[in-house]
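S.K.: The chain contents come next:
There are 4 protein chains.
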Amino acid sequence: MTRLNISSQPLTRPLSLVDWYGQVRQLSETLSAPLAIEDYGIQSMPDVSPTKWHLAHVTWFFETFLLLPYVEGYTVFHPQFGYLFNSYYEAIGQRHPRPERGLLSRPTVEEVYRYRAYVDDAMRSLLTTQADHPDVQERTILGLHHEQQHQELLLTDIKHVLALNPLRPAYREDLPRFESAPTPRKETWLDYPENLYSIGFEGADFAFDNESPKHPVYLQDFWLASRLVTNGEYLEFMEAGGYAKPEYWLAEGWGMVQTQGWNAPLYWETVDGDWQLMTLGGMRSLNLDEPVCHVSYFEAEAYATWAGKRLPTEAEWEVAAESVNPAGNLLEQGYLHPLPATDISRPDQLFGDVWEWTQSAYLPYPGYKAASGAIGEYNGKFMCNQMVLRGGSCVTPPGHIRATYRNFFPTSARWQFSGIRLAH
Amino acid sequence: MTRLNISSQPLTRPLSLVDWYGQVRQLSETLSAPLAIEDYGIQSMPDVSPTKWHLAHVTWFFETFLLLPYVEGYTVFHPQFGYLFNSYYEAIGQRHPRPERGLLSRPTVEEVYRYRAYVDDAMRSLLTTQADHPDVQERTILGLHHEQQHQELLLTDIKHVLALNPLRPAYREDLPRFESAPTPRKETWLDYPENLYSIGFEGADFAFDNESPKHPVYLQDFWLASRLVTNGEYLEFMEAGGYAKPEYWLAEGWGMVQTQGWNAPLYWETVDGDWQLMTLGGMRSLNLDEPVCHVSYFEAEAYATWAGKRLPTEAEWEVAAESVNPAGNLLEQGYLHPLPATDISRPDQLFGDVWEWTQSAYLPYPGYKAASGAIGEYNGKFMCNQMVLRGGSCVTPPGHIRATYRNFFPTSARWQFSGIRLAH
Amino acid sequence: MTRLNISSQPLTRPLSLVDWYGQVRQLSETLSAPLAIEDYGIQSMPDVSPTKWHLAHVTWFFETFLLLPYVEGYTVFHPQFGYLFNSYYEAIGQRHPRPERGLLSRPTVEEVYRYRAYVDDAMRSLLTTQADHPDVQERTILGLHHEQQHQELLLTDIKHVLALNPLRPAYREDLPRFESAPTPRKETWLDYPENLYSIGFEGADFAFDNESPKHPVYLQDFWLASRLVTNGEYLEFMEAGGYAKPEYWLAEGWGMVQTQGWNAPLYWETVDGDWQLMTLGGMRSLNLDEPVCHVSYFEAEAYATWAGKRLPTEAEWEVAAESVNPAGNLLEQGYLHPLPATDISRPDQLFGDVWEWTQSAYLPYPGYKAASGAIGEYNGKFMCNQMVLRGGSCVTPPGHIRATYRNFFPTSARWQFSGIRLAH
Amino acid sequence: MTRLNISSQPLTRPLSLVDWYGQVRQLSETLSAPLAIEDYGIQSMPDVSPTKWHLAHVTWFFETFLLLPYVEGYTVFHPQFGYLFNSYYEAIGQRHPRPERGLLSRPTVEEVYRYRAYVDDAMRSLLTTQADHPDVQERTILGLHHEQQHQELLLTDIKHVLALNPLRPAYREDLPRFESAPTPRKETWLDYPENLYSIGFEGADFAFDNESPKHPVYLQDFWLASRLVTNGEYLEFMEAGGYAKPEYWLAEGWGMVQTQGWNAPLYWETVDGDWQLMTLGGMRSLNLDEPVCHVSYFEAEAYATWAGKRLPTEAEWEVAAESVNPAGNLLEQGYLHPLPATDISRPDQLFGDVWEWTQSAYLPYPGYKAASGAIGEYNGKFMCNQMVLRGGSCVTPPGHIRATYRNFFPTSARWQFSGIRLAH
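Protein chains in written order, with the numbering used here: chain A, 198 to 621; chain B, 198 to 621; chain C, 198 to 621; chain D, 198 to 621.
These are calculated hints, taken from the structure and not from any lab test.
Every residue, glycine too, gets a C-beta built ideally from N, C-alpha and C.
There's no promise every hint is true.
Every beta carbon over 10 Å from chain C, so not counted as near; a handful from chain D, in silico [what the hints assert, rightly or not]:
1) LEU393
2) VAL414
3) TYR415
4) GLU433
5) TRP446
6) ALA448
Facing chain C, according to a computed beta carbon distance under 7 Å, are these residues of chain B, among others [stated by the list, open to error]:
7) GLY238
8) PRO296
9) LEU477
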């Protein structure tokens, strides 16, 4: 296993689209490189996809939405890959059932890499010959952001696969560890005044359709915690009977505690009486200063109730984040794990580390319109029964996060790098 | 079976609390009177409760929250009724599993009526002797609104029970039918200007805690349909392939269509080639002018997408309803079925007929605080994964609806009297 | 509730078929008489049928197999009862799903009794006018034995319904209790020599088709316990870790112990530290001398393994029972509960008390032929994945048991009156 | 992929145990050689185990039952492999849940092969140094027969894995095809006279404990078909409405037809209007002369009912097979697929081709005793709710079949190489 140095790569978007294409595509393979062939195929639960599937699906996206419509006479790599690697686009046709992605030993990993190379050749040619075609540009940029989303999912999913294995294998043994001064014991509270604000995306750069349109929103006075909730603070909640007292929980969350036997965040386990947690670098002792991670919305909400606070709305979060540089402990830092806060005089950890659960349901903004055709299925059709998360995480690729970015997951999801920031 | 004349009863709230108590309590029994003993015990799906359970549970509410704390030396009617008839109050203790409510033949219906009489005697005495105790007043009023909610559920649930029976028995054969001029063919669109509005409850009258606090909300220009979507319009959607084309549906809704085999609203069935629907008055031919009823949020949202419109937000709905008298085809009309619109020059059918799905998730208003103790479990702990409905229905008891009232159900629920009003 | 005196009724088969018809039909109603209307409709698990369903189904049997084919111009009582009360006869047509029998409040109990009276009138007329028609005779006799089977099921099922209720209501408070000398502490072992025996039914009297043909079977020497395993002996097994040690169990049985949480026979519960059990007469203290009852095949087999013995085969049991009078603690004794053994010098408790699990799978005898048509579905199509039980129980109607009688249930069934006799 | 020539290997048991050990162990790896790394890890349904698991589990058997007890100071290869590769031995301790065997990417295939080599070294040393230890001999022989069983399962399971893949990859493209004269159109019927026979194993050679003791069994006259039921004959059953008419089916089987949508044997599919079937050599056209394969007990029984015949009992089958040489189309033939019959003057295809469903439940023989300790869990604890199959199949390893051999599977199992021979 070669030492990967993600952070040494120039990960900001370069000038030419074809170069950026190459850079993003390469990163997916770089991220997969530490895996054994056997790791590529596992689907540890229906929500998780095998690494192999991620690598092929993002490739299918380019083949389906770019090469087939814009390259005359293009021959698909394999006639059944459309069936196997369509994720959820009803307009494209039938597809392999999602919960059965882990049952496919073929195509092999080697064939998937050949598929990628085949599509990359054709894409490079397309991007060279039709560099100015606006639809080609727009869709390629969408495809690259799409692949970046799957890069985050790839790491999130492989963590689940490895953590489920009784051998607890590390994704990489050689991940850097953070050496630092301890986190300030108490958060501070940053005050934002009542006002008519605007949130949502507007501009020439790329954003997903669910971030638009920009629109006014009236907010009352609110305070936002300067940093994320730490493992140490969450442990206090646990020791105060957090998982034993229904009064802190939404009814559906309390049902999950009971039926799923939740008694700590995902990936925490007691080893010889001490809390340890599984990371992409293997099993580690619990660091009380790190942000708590891998909690569901239910746990985030219960923690906030116990603490006498609440979660922020997505509008509040965005207002706070608007003026902050979207930098932090993201994928290119190479830690692949959330880090302790370092500064509490201003909003810290807004970008990177962990996705922050908001108390906002994932719904269309006023005036939202999905694109027509299959690409319109990208975001809009998931707008129910999910909550919005903001800010990216330690496995979010470079250039893929911004203040208006809306991530979303069901209230019971725990395998994402998701954590808690309080408001009141 | 005696002819019931619900509408002849003086159903507005009278001056004295003890009289109002008697009136509300009597209505529950009047509504149950047409049933056979056998009908009282059926739980046709986990969401439905047996009539007998409703009658006992609302009684348990008074026993638990009024008689036990405020009547010295009060002896409960039966030591195990607390276990059997607690719905979801964790703070009160263990309870009988919800999906097993239909497995209990005992207590018998006659015992439940004796339980009601026992508690009514004690309540009347309490309301007489401690008429001025503010907590007694407040909790009694809450208990009566609670019982009114269960009156609606009682009718909604018994409809499900009877509709499931292959014999399709009517709740009452003698329900009045509406004789009227046909509904105007087209709705009109009522325009509301962009503004900073206020929504939510404030005042001295009763409202549930989830309606508060009153707070500002900024709305952009919107148009609201003057009337509800009719059966005839919904049939056009069906005939246009509404249940066959995924492009109209949220992903989760499309999943329901496929796994549940939805192809029409609940209670519609084809009899000898014609659409009929089950009502509380038995099977009837489809009336194209009546509002469509018993659709899920998914169906409401899919219909709106097909129609090129959208559902209103709850704030939009409330702004429109604020200035409208909360009257309409409610329970006291005695139809127990939605009626055609009669007027499209101003908002019609806002109150009564069917609950109107909004595109707003059921979440706490800014500054919402649940009450402390068990009563605080009334509303707040259900604030996730549900959508808000507004306006009451043809089985909502008199005096129980207002512009700020927030009803809520999961996106797949169809057995409520729920329908569609469009916005854009 | 009137005192029922089942045992005072002349329960042996009288001379005329029409009189016997009346006697059997009456017994079903006598057995139902102690129930509240509410008790008639409950289906406490899919295997259980509501009392009302039993009463209607056995009536449907006469209507379908006697009145419709043999009474010209016969009009069915209700056109949909064929759909509602067909149990499993595919040749007769569609039927209401078995697990939903408890969801039907209609027909009411009163209507079901009218259905019975209507069919009884027609049957009496048929049996009078066509008394000599051989098919009418044969099918009526089958129908009466069929109703007797459902009489046993009716009591077995209502016990389950009442036991599930947290109020633990008794079927009858006034059941007689057995006053006796204690059971002899140790069973004796009765020896049967190796030989070529014959088992199975042959003769002019009634027997079910699955008891035929009579055929030779070679048995090696075997010993049969003189009496049933007692509660006291079973408690020793429990105290020796019977439900905690996988070595006593079939793999599938051990799976049931784990997933179902079995730790005692069905209907046993600890009340204030003592074992009690639910009976048709209500909750009673555990009597160590009574035969253990309501155990599955898995528990019977595990007990035998722990005791260093085995269960008998059905051939061994039948050889032992052949020369014994088919009398004992059957329904007409009126105890409705198994009784202690009184004699261990010869085989005791072979008939009545509890059905005895054998180690024989329920399979066709050599040369078995099912009848043609719908009646052929009576027995043959259930010949897989069930085990044979022998000897009848304390709720088996008079005249309904014989040495060749083969009862059968799946290995996990516990709600039958089933117990254990050892062999080696 | 190297051409494998299984049949050229000397597969009969040689003189020395250590050599036989090497031969059997080598065959498992030879059978795995055609697979891609990705194929080794898939569990396509809970009944199927990944190839990797089979290879490790049989190795664990030697480590656990031979090396740990008989080699002083033996160090296990990996401390957690006992947890991962114990199949069902409760006495050995906790184990990884069976349905999750396919979720483990680690140990890798390469590590499993190193595990095998490590154990093989230690076993060879043990077999050399303690060649005369009777327990070592006995357990090694058991371990080798155990590995042979898993060789059959390995091929059976990988067929299921590959058949489930929409790409329908072949296990080996180069399997030989049978070139032959057509099967004789009609079977003949071989007559066996009524008699007191003996069945079961007795002797010095190896047999599993479930084949003993030898015991008398009385059989009436019976006829056995000279050959297996062919695809052509089964197709006639299908065309006569075999899967549409409940009258041919056991009730539980008809339930499977309805809920599972069975309409042909497993692995049959219509391609462009013609029946094809998936084989270890890939997709092939249906050969009408080949024995039907991959049918459940329910289908075998339904076919027999339709044909007016029945399945043989295991005693009948054994009586017929006793005098026949246990040779036929077994694994060493290399076809890995059943072949047409060639001779109908005497019992043909009794050994090899397909396992033959009998109408005998899998139960202990009279006097059966399981071994004590963990090894006693090998067979006895599965003796319920399964049916016996006889005769081996085209993937049964050489030397692993005999007339007394009892295979067993649940009535709904179809993925085994199982077929039909009629009796009457």
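S.K.: Indicate, hint by hint, whether the structure satisfies it.
M.R.: Tested hints:
no.: 1; hint: LEU393; result: 6 Å, violated
no.: 2; hint: VAL414; result: 6 Å, violated
no.: 3; hint: TYR415; result: 4 Å, violated
no.: 4; hint: GLU433; result: 22 Å, holds
no.: 5; hint: TRP446; result: 7 Å, violated
no.: 6; hint: ALA448; result: 4 Å, violated
no.: 7; hint: GLY238; result: 6 Å, holds
no.: 8; hint: PRO296; result: 12 Å, violated
no.: 9; hint: LEU477; result: 15 Å, violated
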